[in-house]
Amino acid sequence: MKKNFINKKSKLSLLFIVFSIFTIFGCTPENNQSTFGTAGPIASSQADLFILIFAIAVVVFIAVEAALIYISIKFRRREGDKLPYQTHGNKKLEITWTIIPAVILIFVAVPTLVGIWSQQNGVPDDKGQVLNIEAVGHQWWFEFRYSDYEVITSNELHIPKGRPVSFKLSSQDVIHSFWVPKLAGKVDMVPLNDNYIWMIADEVGEFYGQCAEFCGTSHAHMRFRVFVHEEEDFLAWVDQMHTPADPPMPNTPESRGQMLFAANCSMCHTNNSTTPGSYIMEINTQDARWNNWVDDTENSALVSAPNLTHFGTHTTLGSGIKELNHENLVEWIADPSTIKQGTRMQKQAMVYNTRDGKANLTDSEISDIAYYLLSLKPGSGAEMVIDDIPSDGLIDAEAVFATNCAACHSLGNDVIVGPGMGGIKDRAGDRVSGLSAYEYIYESIVEPQAYIVEGYPPVMPAWASLGDETVNALVEYLLTLE
Amino acid sequence: MTTKPATKSLVFPRFFPRPNSKTGIWSWIATVDHKKIGTLYGITSFFWFIVAGLEALLIRIQLSQANNDFLSPDMYNSLFTMHGTTMIFLVVMPLSAAFFNWLIPLQIGARDVAFPRLNALSYWIFLFGSILINFSWITGEAPNGGWFGYAPNSGVTFNPGKGMTYWVVGLNVLGISSIAAGLNFVTTIINMRAPGMSMFKMPIFTWMTLVTSILIILALPILAVAGIQLQTDRIYGTHFFNSLGGGDPVMWQHIFWLFGHPEVYILILPAMGIVSEVLPTFARKPIFGYSFVVFAGAVIGFMGWFVWSHHMFTVGLGPAANSAFSISTMLIAVPTGIKIFNWLGTLWGGSIRFNTAMLFSLGFIAMFTIGGLSGVMHASPPTDAQQQDTYFVVAHFHYVLFGGALLGIFSGIYFWWPKFTGYFLNEKIGKLNFIFMLIGFNIQFGPMHWLGMDGMPRRIYTYAENMGWEGSNLAATIGGFILGVGVLLFIYNVIYSMIHKEVAGADPWDGRTLEWSTSSPPPEHDFDEIPQVKFRDDFWFKKYPETIKEYYEHGEIEEDTEDKLSEKSNHEDEIHLPDMSYYPFILGVGIAILGAGFLSNIYIIAISVPIMIWGLLGWSMEPVNDPHPDGH
Chain A
1 MKKNFINKKS KLSLLFIVFS IFTIFGCTPE NNQSTFGTAG PIASSQADLF
51 ILIFAIAVVV FIAVEAALIY ISIKFRRREG DKLPYQTHGN KKLEITWTII
101 PAVILIFVAV PTLVGIWSQQ NGVPDDKGQV LNIEAVGHQW WFEFRYSDYE
151 VITSNELHIP KGRPVSFKLS SQDVIHSFWV PKLAGKVDMV PLNDNYIWMI
201 ADEVGEFYGQ CAEFCGTSHA HMRFRVFVHE EEDFLAWVDQ MHTPADPPMP
251 NTPESRGQML FAANCSMCHT NNSTTPGSYI MEINTQDARW NNWVDDTENS
301 ALVSAPNLTH FGTHTTLGSG IKELNHENLV EWIADPSTIK QGTRMQKQAM
351 VYNTRDGKAN LTDSEISDIA YYLLSLKPGS GAEMVIDDIP SDGLIDAEAV
401 FATNCAACHS LGNDVIVGPG MGGIKDRAGD RVSGLSAYEY IYESIVEPQA
451 YIVEGYPPVM PAWASLGDET VNALVEYLLT LE
Chain B
1001 MTTKPATKSL VFPRFFPRPN SKTGIWSWIA TVDHKKIGTL YGITSFFWFI
1051 VAGLEALLIR IQLSQANNDF LSPDMYNSLF TMHGTTMIFL VVMPLSAAFF
1101 NWLIPLQIGA RDVAFPRLNA LSYWIFLFGS ILINFSWITG EAPNGGWFGY
1151 APNSGVTFNP GKGMTYWVVG LNVLGISSIA AGLNFVTTII NMRAPGMSMF
1201 KMPIFTWMTL VTSILIILAL PILAVAGIQL QTDRIYGTHF FNSLGGGDPV
1251 MWQHIFWLFG HPEVYILILP AMGIVSEVLP TFARKPIFGY SFVVFAGAVI
1301 GFMGWFVWSH HMFTVGLGPA ANSAFSISTM LIAVPTGIKI FNWLGTLWGG
1351 SIRFNTAMLF SLGFIAMFTI GGLSGVMHAS PPTDAQQQDT YFVVAHFHYV
1401 LFGGALLGIF SGIYFWWPKF TGYFLNEKIG KLNFIFMLIG FNIQFGPMHW
1451 LGMDGMPRRI YTYAENMGWE GSNLAATIGG FILGVGVLLF IYNVIYSMIH
1501 KEVAGADPWD GRTLEWSTSS PPPEHDFDEI PQVKFRDDFW FKKYPETIKE
1551 YYEHGEIEED TEDKLSEKSN HEDEIHLPDM SYYPFILGVG IAILGAGFLS
1601 NIYIIAISVP IMIWGLLGWS MEPVNDPHPD GH
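Protein chains in written order, with our numbering: chain A, 1 to 482; chain B, 1001 to 1632.
Possibly wrong hints are sitting among the right ones.
Listed next, the in silico DSS-like pairs over lysine-lysine satisfying Cα-Cα at most 25 Å (straight line) [what the hints assert, rightly or not]: (1) Lys-82/A <-> Lys-1542/B; (2) Lys-1543/B <-> Lys-82/A; (3) Lys-1036/B <-> Lys-1022/B; (4) Lys-1549/B <-> Lys-92/A; (5) Lys-1036/B <-> Lys-1501/B; (6) Lys-74/A <-> Lys-1201/B; (7) Lys-1501/B <-> Lys-1201/B; (8) Lys-1549/B <-> Lys-91/A; (9) Lys-74/A <-> Lys-1431/B; (10) Lys-92/A <-> Lys-1501/B; (11) Lys-347/A <-> Lys-322/A; (12) Lys-1549/B <-> Lys-82/A; (13) Lys-91/A <-> Lys-1201/B; (14) Lys-91/A <-> Lys-1534/B; (15) Lys-1501/B <-> Lys-347/A; (16) Lys-377/A <-> Lys-322/A; (17) Lys-1534/B <-> Lys-1201/B.
No lab work stands behind these hints: they were computed from the structure.
This one's a predicted model, so the numbers in the text were calculated from it and none came from an experiment.
Kindly generate the complete structure, drawing on both the sequences and the hints.
Following this line, the structure appears as structure tokens:
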């Protein structure tokens, strides 16, 4: 009985060894986030170092487990065993097996140190022209700022093949971690403590990235994609990011979606960072939105949000969670929590300030917004077409205000995001010398960033797209408010 | 309940007579007996083991398939936070404390610990602290910021509500318990050894308890500092770690891991001590290289202070810091290796009996080796850059903490159960228990190695189906349930043993150390006569004096022992045991109410103060022994 059992144990242990080795070598390099099957020198040298240490570990593992099994079998208790010799130990033997692991560790330590200093000490000079990108972690999405090209985007990163890319990593809220397993190991994105990581991609293709530091409710849903292009394709992409989208044709779902987007989404989502100067403006605006949230986390109607410039060219939505198509986008806009729980969008934005937390929009309105977002692509440079002028030429300014402005501005003195409009006629004339009340209000609508009132976040989008007649009607309407 | 009037008037008024019941609930509440306190620790922490195990199974069900919605993300986050917190602070640490309590006085030939009432206080604070932290489940605000509580995600801006406040207040309360226990055992081991037992004649388990207790005394105050800072950040709006107010979130990580890494050795060293008792007993040989094993344990404890930043290789401390902490971490493999080789040396040439306790110890060596080797892999920062915060790390520390600490603890339970209760646990059920646990454990945590290498991050409540992680996750879930069956078999074994009562004698395993020289279970006063110690494994050499010369072939035996013995033994003719006391319980209640006050409002804090003063004053005015009416 006893003997049988020992055999069983040794069989089990052997089985286990075979099992472990098989399974570890059974890692599938083609998996999206496998750390094997790498596509860049940093990731591959990290994988090589792992394989070296793993090989050493397998030798030690087999030696120890084999010794354990051998000893267990050889020295099992038998009938009539004598009392074993009560040895206290053996100094020479013990010193030997103190030294052996120390020597083995040298073979691990040396390549480790070489690896640390070649990977973590900035980009070496001989690698070619460096592309600088600032990656910012947010709960729960990634923002990418190309300071070299004044391009800003979110959740989908485009880089050229063969060029070193140096990332400045930071975070606006909690600690995140920036990780593209196929290209390089992770480095954390820590608030107030900027970090750097660099990598080179050797292969054109799409690679998966994911936040690796626990960052709250939807940590699992903080993912991103990296698209590696040939150098000329990358430069073409940069060019496209500087080409404005065509305005929608009048009386299409897209044009209605544009107005709805402007009224409900645009205070947090910029979607036109293509023009010169828009890069720095978006960075400042993003900060302003964030500070507004920090000042009043409960009631702020503003919070930092992904830049949606040319969103229609993305392949995923919700930070790499779902395929980007009309159906998924409608689901996302209607109730983001069905795809990702805990989003600040749903918590803060006025349009979600409903009893069940779903968007305060009709199905067709949501559908229109989705069509509009999908239409955000580099355009052909066509002129902007003014939309929505009623055929009879009469403009209902009160309705225009209700659909376009009321999300941020009250008609009384309450502050929602921007100042209340009550009695604006008495204030507007004194704001800027040389501008009448009428001129000041007009300017503030078509180019709001010019005269931000102190104490308010500079987040209001420009409303020139309403068209001159509508803006004039709006100004007249505002001047009647007490 | 019988009562006896106090015969002596005291400065501090007593509202009730001194307890002296031997049975019933008051005999437990007022006990200062290290054995009863050990039992209380054991039962309480086993209860939390079941709770944390169920939490783990819920986690495994959620992860068994891609895009599962069995749990909400916030519930999942609470579950992994509480699973980790519970397993570390409410299971492995107090289970070790149960062994310290039961065994240290017995192994060193003492009648109790140095401060019996402080010992009772430790337990009551532990109990109330554990209830406090888990009470959050009832209020629906279980902590969800991770057992590591990284700032600023653990701060009130990003984690509003009471959850992380429960966590930090609970840990601060539990810390008091641990520090008090650590002080108690260091004092006990240094001062209360039987005559003749010099430090280098102590059993290895006692040595590892000493090292662990020193680590507890030094490490837990660091956690208390971090905890109080986080508590004031959350409750009073300070900015120690709150980055929105200019606080430094990286500082939290430094302080936390400066505690957190020694904590790992606080968890594993007691299990190493247990294995170092079990292997010699069932191989019928002394531990191989006693002094190497002791020094290796002490060196692990010491070097544990210089490696904390290996938890932070991806935080961006720079190549110099990463190099230094990488090397110091790798060096810990050396003393760990010594232990494993010395255990193999202990088995070599032995006469090995494979009963359940021994199987668990052998399992410990086999599994802990795996955990140690994977540890070396992420001691290398370039490799760790891919492994950090992935399932590879989850696999690693479960091989250390389950494959190591808990298998060691189960080995100890099977080994000392006859001593604790007087009855054997059933061997057949025990072996089944072992096999289910070992196989289940490996099916659960083995696949996590390659999940990590396949890029699955930790702490994600779900994953997409195109990642290639489904098969391994399903295997891990199945393994978890097999492991759960192993735990059920253990519970069944305990019940079986209580019903069938297979009597074990004082020395059922042919033991080597002093605890086997007294009856099973030991009398209240532990030893009828305090033993006099001449040798390591003194009890063994008393039984087999002919083997003394084999062990002491190099003349290590101290020549002057005989004189010391006769000198000390004169004082050992009367049995004095400390009297029971209500005050540790009262003070414990006061501290629990204080903790509850931080979670609710200042008036509750105000209520706690008089109770604590009552407990402290009553305690300090109460003599260890009241004069006994029979004039003893």
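Taking the hints in turn, this is what the structure says about them:
The straight-line distance between the Cα atoms of Lys-82/A and Lys-1542/B is roughly 18 Å, inside the 25 Å bound, and the hint therefore holds. Distance restraint check for Lys-1543/B and Lys-82/A: the Cα-Cα separation of roughly 15 Å lies within the 25 Å cut-off, and the hinted pair is therefore satisfied. Under the criterion of a C-alpha separation no larger than 25 Å, the hint pairing Lys-1036/B with Lys-1022/B is consistent with the structure, at around 11 Å. A distance of roughly 20 Å separates the Cα atoms of Lys-1549/B and Lys-92/A; the hinted pair therefore holds under the 25 Å criterion.
Proximity of Lys-1036/B to Lys-1501/B is assessed by CA-CA distance (about 20 Å); at most 25 Å being required, the pair is judged to hold. Pair hint Lys-74/A plus Lys-1201/B does not hold up; C-alpha atoms about 30 Å apart against a cutoff of 25 Å. Between Lys-1501/B and Lys-1201/B the alpha-carbon distance is near 34 Å, which puts this suggested pair outside the 25 Å criterion. For a cut-off of 25 Å, the pair hint linking Lys-1549/B to Lys-91/A stands: about 18 Å separates their Cα positions.
Between Lys-74/A and Lys-1431/B the alpha-carbon distance is near 21 Å, which keeps this suggested pair within the 25 Å criterion. Distance check on the hinted pair: Lys-92/A and Lys-1501/B sit about 47 Å apart at the alpha-carbon level, beyond 25 Å; violated. For a cut-off of 25 Å, the pair hint linking Lys-347/A to Lys-322/A stands: about 21 Å separates their Cα positions. Note on Lys-1549/B and Lys-82/A: the hinted pairing holds, with a Cα-Cα distance of about 17 Å set against a maximum of 25 Å.
Between Lys-91/A and Lys-1201/B, the direct Cα distance comes to roughly 18 Å. Compliance with the 25 Å bound is thereby established for this hinted pair. Taking the CA atoms of Lys-91/A and Lys-1534/B, the gap is about 23 Å. The hint holds against a cut of 25 Å. Between the alpha carbons of Lys-1501/B and Lys-347/A the distance comes to roughly 61 Å, so the proposed pair goes past 25 Å and is violated. A hinted pair counts as satisfied when its Cα atoms are at most 25 Å apart, and Lys-377/A with Lys-322/A qualifies at roughly 19 Å.
Proximity of Lys-1534/B to Lys-1201/B is assessed by CA-CA distance (about 8 Å); at most 25 Å being required, the pair is judged to hold.
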